[in-house]
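**Student:** Using the sequences provided together with the hints, build the complete structure.
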Amino acid sequence: MRRKTSIIAPRFVVALIVACGIALIAPRAALAHAILVSSQPAANSTVSGPDVAVLLKYSSRVDLEHSTLTLLDPDGKVEKITINSETSPGSLSAKLTGLVKGGYVLRWQILAMDGHITRGTIPFLVK
Amino acid sequence: MIWFLKDIDLLTVLLRAATLAFEALLLGGVAYLLAVALPAAASQAVEDFCRRGIRMAALALVVGEVALVTASAALLMSGSDLTLKDVTTTNFFRAYSVSILCAIGLWICARLKSRPATVAMLPLSLLVIAAMVSVSHAAARINYRVPLAILTAAHHLGTAAWLGAMPYLWISLGRAANVDEARRMSQRYSRMALLGAATLISAGVAMAVFYMGTWNAVYTTTYGVMIVAKIYLVLAIATLGAGNWWLVRRLASDPKPLLARLRRVAEAEICLGFAAVLTAASLTAQAPAVDVTAQDRLTSQEIYARMHPVPPRMTSPPLAALAPPISLEAAVKANEFAPVINSDANDNAWSEYNHHWAGLIVLVAGLLALLSRHPTMRWARFWPVTFAGLAVFILLRADPENWPLGPRPFWQSFTAPEIVQHRFGALLIVVFAVFECAVQAGKLKARWASYVFPAMCVLGAATLLTHEHAAKVKEALLAEMSHTPIALLGVSAGCTRWLELRLPKSRMATIAGYLWPLCLALVGLILLNYRESA
Ligand SMILES: [Cu+2]
Chain X
1 MRRKTSIIAP
11 RFVVALIVAC
21 GIALIAPRAA
31 LAHAILVSSQ
41 PAANSTVSGP
51 DVAVLLKYSS
61 RVDLEHSTLT
71 LLDPDGKVEK
81 ITINSETSPG
91 SLSAKLTGLV
101 KGGYVLRWQI
111 LAMDGHITRG
121 TIPFLVK
Chain S
1 MIWFLKDIDL
11 LTVLLRAATL
21 AFEALLLGGV
31 AYLLAVALPA
41 AASQAVEDFC
51 RRGIRMAALA
61 LVVGEVALVT
71 ASAALLMSGS
81 DLTLKDVTTT
91 NFFRAYSVSI
101 LCAIGLWICA
111 RLKSRPATVA
121 MLPLSLLVIA
131 AMVSVSHAAA
141 RINYRVPLAI
151 LTAAHHLGTA
161 AWLGAMPYLW
171 ISLGRAANVD
181 EARRMSQRYS
191 RMALLGAATL
201 ISAGVAMAVF
211 YMGTWNAVYT
221 TTYGVMIVAK
231 IYLVLAIATL
241 GAGNWWLVRR
251 LASDPKPLLA
261 RLRRVAEAEI
271 CLGFAAVLTA
281 ASLTAQAPAV
291 DVTAQDRLTS
301 QEIYARMHPV
311 PPRMTSPPLA
321 ALAPPISLEA
331 AVKANEFAPV
341 INSDANDNAW
351 SEYNHHWAGL
361 IVLVAGLLAL
371 LSRHPTMRWA
381 RFWPVTFAGL
391 AVFILLRADP
401 ENWPLGPRPF
411 WQSFTAPEIV
421 QHRFGALLIV
431 VFAVFECAVQ
441 AGKLKARWAS
451 YVFPAMCVLG
461 AATLLTHEHA
471 AKVKEALLAE
481 MSHTPIALLG
491 VSAGCTRWLE
501 LRLPKSRMAT
511 IAGYLWPLCL
521 ALVGLILLNY
531 RESA
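Taken in order, these protein sequences are the chains called X and S.
Numbering-wise (the UniProt record's numbering), the first sequence opens with residue 1 and increments by one.
Numbering-wise (the UniProt record's numbering), the second sequence opens with residue 1 and increments by one.
By construction, these hints were calculated from the structure, which means they are not laboratory data.
Glycine included, every Cβ here is placed at the ideal spot set by N, Cα and C.
Among the hints, erroneous ones may be present.
Said to hold, decoys possible - Straight-line alpha carbon distances no greater than 20 Å define the calculated EDC-like cross-link-like pairs of lysine to aspartate or glutamate that follow: (1) 443/S x 352/S; (2) 80/X x 296/S; (3) 85/S x 63/X; (4) 101/X x 63/X; (5) 474/S x 267/S; (6) 57/X x 86/X; (7) 85/S x 65/X; (8) 80/X x 86/S; (9) 57/X x 296/S; (10) 77/X x 81/S.
Claimed, not checked - From chain S, some residues computed to sit far from chain X (all C-beta separations above 10 Å): (11) 91; (12) 219; (13) 285.
**Tutor:** The following block contains the structure:
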């Protein structure tokens with residue numbers, strides 16, 4: 001049989017690295033994995049203040065400890081929101097208090113149990 | 001910074017692809033060693049090569065997973081106040097740590113040659129699968145977690161036994177001390193692969209049924225389109241594999257040339273197998289079709305409106321009619337939250353014109369390559385020349401806001417990844433055209449030079465499998481629908497050309513020789529019908 005010192009494994013590794021290198025420069029919009037199924041308040045809706053209950057439902061299990069919720073108020077100030085811990089799997093709830101009239105943006109970042117990170121924003125109006 | 005983060009996002013998809021591939025290679029190596037090489041009483045040389053393969057795959061997996069964890073951690077920490085310490089308590093961090101430790105364990109086991117070390121490989125491999133399953137789609141499901149986790153584990157197991165072990169068979173057949181040993185190994189592998197393929201396919205079908213939910217998900221969601229791509233690749237591998245299965249049965253009679261053929265076909269199978277793994281990685285970056293809401297799904301009317309054949313656009317609108325380019329700085333700023341898609345009908349027409357001319361060029365190249373098979377049409381073997389035209393075309397017209405047509409200077413515009421991609425693509429095409437011309441003309445006799453074309457086809461197509469265009473879900477899906485067939489045809493063209501070059505003169509080689517120009521021509525036809533809007 002043919003005797004050559006090289007072995008396929010390193011060649012494979014090289015081929016894979018090359019493939020990755022090329023793919024690296026291909027643009028790709030990261031498509032979210034855990035999908036926001038429903039939100040309360042709904043995006044672009046008007047709610048009455050000063051207290052607003054937040055309930056976000058996702059298509060997959062969410063690691064609540066490692067998910068974050070921030071609120072951008074009409075003055076452009078960013079505030080971190082505490083997430084309630086006792087919700088059912090796949091949902092995230094919180095309470096916004098003391099909201100004044102104006103436009104807010106709720107920003108969420110969740111870590112799904114499969115390690116995927118998803119982000120999104122929910123703009124809403126307080127009347 | 002945001003641009004940087006987007007790159008990390010992309011990087012995690014690619015690292016996932018790499019770790020899936022390395023995992024298959026590692027576990028496939030273990031499966032091959034334990035179920036094929038050792039029971040078949042393989043020679044020391046073969047066993048050593050298997051162990052070496054396992055060690056390399058283990059190292060590669062460790063490197064890949066460390067990079068993946070780092071990228072994921074960076075992604076998680078940015079845009080939140082989570083600290084590194086928080087990251088270490090996440091599910092994915094623990095899972096990857098376990099599989100990294102197991103991979104190191106496997107590396108050590110492959111180094112030690114004792115019996116207990118060899119036996120210990122089995123539980124370590126199963127632990128790697130368990131860790132991978134704990135960060136799969138299944139683990140994040142709200143319902144039916146356990147059955148889905150079992151199916152996912154079976155899918156990984158089948159992949160390792162069939163596709164992951166294949167490179168080891170390939171190595172072994174080249175290292176076997178005698179024909180008898182090679183025959184024993186291929187027979188054992190063929191049994192294991194059959195079992196692995198059955199496991200992979202049945203688990204895959206069950207998962208597809210669950211994750212898709214409805215039949216129309218096949219064409220209304222990206223997940224469905226990628227599943228179809230995977231099915232195509234698996235069918236192609238299975239077709240080659242079935243041929244091999246018959247070869248293995250016939251090995252008793254006249255083994256030597258048959259073994260050579262077995263190895264050649266295995267090369268094409270390995271290539272298709274890793275394309276399938278890449279598709280699988282793209283799938284893990286997609287939400288399962290059942291989760292996709294109606295408003296994000298395509299309707300058949302939308303698909304028809306986009307896909308029904310219309311005459312290609314061979315003239316473009318004047319440059320001045322395009323949406324005026326904004327400065328690079330502003331483009332970067334605007335991109336921070338959502339990519340800007342301020343393209344109008346003229347921009348679309350411009351892009352379609354580009355794609356259609358590219359399609360025409362590829363179609364002509366494919367047809368010429370087909371013609372050159374005929375003894376009186378030998379001049380047609382210079383078909384790669386057409387590609388040089390394509391490269392010039394891409395360089396000049398792909399990014400009208402840049403040099404030479406637009407105000408953005410040549411070097412500065414490299415900051416946009418899409419432009420780098422286009423230019424790199426153009427460069428690759430030129431290199432390829434030169435090579436292939438020399439090869440076809442018989443001026444370049446080196447073996448490796450003739451492999452440049454199939455390798456480029458496969459690599460280029462593989463890139464397309466991970467490629468997405470628009471930020472809007474439906475737009476991305478419509479783009480995916482035209483890109484995925486091109487990618488699959490590209491992989492097929494590369495593999496069939498490879499087979500034509502590598503196989504000894506046989507009917508299979510002749511068929512392969514007709515198939516790849518046909519694939520090329522089909523790519524051209526799809527491009528000719530490419531559209532950016534209905
Ligand atoms: Cu494209």
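**Student:** All hints are to be evaluated individually against the structure, with a verdict given for each.
**Tutor:** Hints, verified against the model:
no., hint, result
1, 443/S x 352/S, "37 Å, violated"
2, 80/X x 296/S, "30 Å, violated"
3, 85/S x 63/X, "15 Å, holds"
4, 101/X x 63/X, "32 Å, violated"
5, 474/S x 267/S, "37 Å, violated"
6, 57/X x 86/X, "14 Å, holds"
7, 85/S x 65/X, "12 Å, holds"
8, 80/X x 86/S, "16 Å, holds"
9, 57/X x 296/S, "17 Å, holds"
10, 77/X x 81/S, "16 Å, holds"
11, 91, "6 Å, violated"
12, 219, "17 Å, holds"
13, 285, "6 Å, violated"
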